[in-house]
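Chemist: Letter by letter, the chains look like this.
Number of protein chains: 2
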Amino acid sequence: MQTDRQKEIISVSLDLISEKGIQGLTIKNLAQRIGITEPAIYRHYENKIQILLAILEVFRKNTVLVFDQEVGLKGTAIEKIEHIFKNQFRILAETPQLVAVIFSEEIFRNEPLLMERIGAIMDQINQAISGILKEGQERKEIRSDVGASHLAIMIMGGLRLFVKRWQMKDFAFDLIAEGASFLQTVKKIISKTQ
Amino acid sequence: MQTDRQKEIISVSLDLISEKGIQGLTIKNLAQRIGITEPAIYRHYENKIQILLAILEVFRKNTVLVFDQEVGLKGTAIEKIEHIFKNQFRILAETPQLVAVIFSEEIFRNEPLLMERIGAIMDQINQAISGILKEGQERKEIRSDVGASHLAIMIMGGLRLFVKRWQMKDFAFDLIAEGASFLQTVKKIISKTQ
DNA sequence: TGGAAGTTAGTTAATATATACTAACTTTGT
DNA sequence: ACAAAGTTAGTATATATTAACTAACTTCCA
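Chains as they are written, first to last, in the numbering used here: chain A, 836 to 1029; chain B, 836 to 1029.
A few of these clues could be false.
Since the list gives no way to pick one copy over another, a pair counts as held whenever it fits inside one copy or between any two copies.
Straight-line alpha carbon distances no greater than 20 Å define the calculated EDC-like cross-link-like pairs of lysine to aspartate or glutamate that follow [to be verified]: (1) Lys969 x Asp958; (2) Lys999 x Glu940; (3) Lys1023 x Asp980; (4) Lys842 x Glu970; (5) Lys1023 x Glu914; (6) Lys999 x Glu951; (7) Lys999 x Glu881; (8) Lys1027 x Glu946; (9) Lys1027 x Glu881; (10) Lys883 x Glu917; (11) Lys1023 x Asp1005; (12) Lys975 x Glu951; (13) Lys863 x Glu976; (14) Lys921 x Asp1009.
Just so you know, the hints here were simulated from the structure itself, not pulled from any lab data.
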């Protein structure tokens, strides 16, 4: 359902965003990088918003879907959170272009459709994490002295800021290795003390 | 050192950013809102970057300076964190326009000067919080089973995401009240269990 | 089976609009 | 009277998008 050229457009778009920020994603830059003219882009996507929506879809596939899948699996809440973190770090290490998309809320402010879409994605992420934590609380794996939704905010907020720092340091440290260390802290924090 | 008109330009800029995102901050919008013409803006600021730098300065005054001041005071680490959170929630509730600035990293990507400035601010915040936590660990007020810098990331990340959600819900809930509740969670998480 | 018709993916050229910024002149307040 | 702060009218550049056209294919049917 996605042609090769469409895939190429999205892939190059991610590169541009990652290199120069969202401001670097212009039809001109896009066409130039691919090696076709600007109007040719419109043979493959109706307009720029459709391209941005496709980018958000890549992001969704790499986060929400992975999260939701995790919720249904067996295993302790801690194991699930561990899986999610490791997956997330692995995906971002493989595709650092996505980092800019994670923090794209402010950029899409002018397009209601994009705003709504990203809001929905963030809600879904929060619900998935909250759900895992609540189940963990019932099973006495996760501390119950604090609300699951507050814990979820701290977990996701911590993950986001951790990744942001990696980006701001030009991806200079090993996200997977340092991330594993950070994950240990998260696990200690959410675990029930015995 | 700042004229009335300069203050007005910054204040209106913050309004515009808060309403329509950074993309809404154009010289045209700015002039229109103030009720003067575009060239008149340049009587007060050399160029747009100077305006953005002044905005970052407002942000810095409301975060880093407040944080640093807190570090030097007496009181437990928990009390200091509590102060910082409450101050932060109060400032943002009074000046919701600042929320957009907190998350402006992605927007300033094209301007190296602005990027550097915001990176420095984020580092300073992290150092202030880390410092408070480390002292708290030495005094056995803060849990020592996890690193202070990891804790700092979770605290700031949580705070940021909490505020982001407030913004995405159009400032619909009471930040100060809900924030106080969130703060309780943060306090429990960083405290030494007795 | 071979030509008419249609499709795909590209081109060049142009358009409308937005944006930051400037030059030259005018108003205004002390 | 003069400097600060304003105006009008303009520039250069960027940006998304459209119009008109073309070369190279695929499909369809007499």
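Chemist: Decide, hint by hint, whether the structure agrees.
Modeler: Consistency of the hints with the structure:
1. Lys969 x Asp958: within (16 Å within a copy, 34 Å between copies)
2. Lys999 x Glu940: This pair counts as both: shortest intra-copy Cα distance 14 Å, inter-copy 9 Å.
3. Lys1023 x Asp980: Both: 14 Å inside a chain and 8 Å across chains, each within 20 Å.
4. Lys842 x Glu970: neither (38 Å within a copy, 51 Å between copies)
5. Lys1023 x Glu914: Within one copy only: 12 Å inside, 23 Å across.
6. Lys999 x Glu951: Between. Shortest inter-copy distance 14 Å satisfies the 20 Å Cα cut-off; intra-copy 23 Å does not.
7. Lys999 x Glu881: neither (32 Å within a copy, 32 Å between copies)
8. Lys1027 x Glu946: Neither, since 43 Å and 46 Å both go past 20 Å.
9. Lys1027 x Glu881: neither (52 Å within a copy, 57 Å between copies)
10. Lys883 x Glu917: neither (37 Å within a copy, 45 Å between copies)
11. Lys1023 x Asp1005: For lysine 1023 and aspartate 1005, the Cα distance exceeds 20 Å both inside one copy (29 Å) and across copies (34 Å).
12. Lys975 x Glu951: neither (36 Å within a copy, 45 Å between copies)
13. Lys863 x Glu976: Close neither inside one copy (53 Å) nor across copies (56 Å); limit 20 Å.
14. Lys921 x Asp1009: within (13 Å within a copy, 35 Å between copies)
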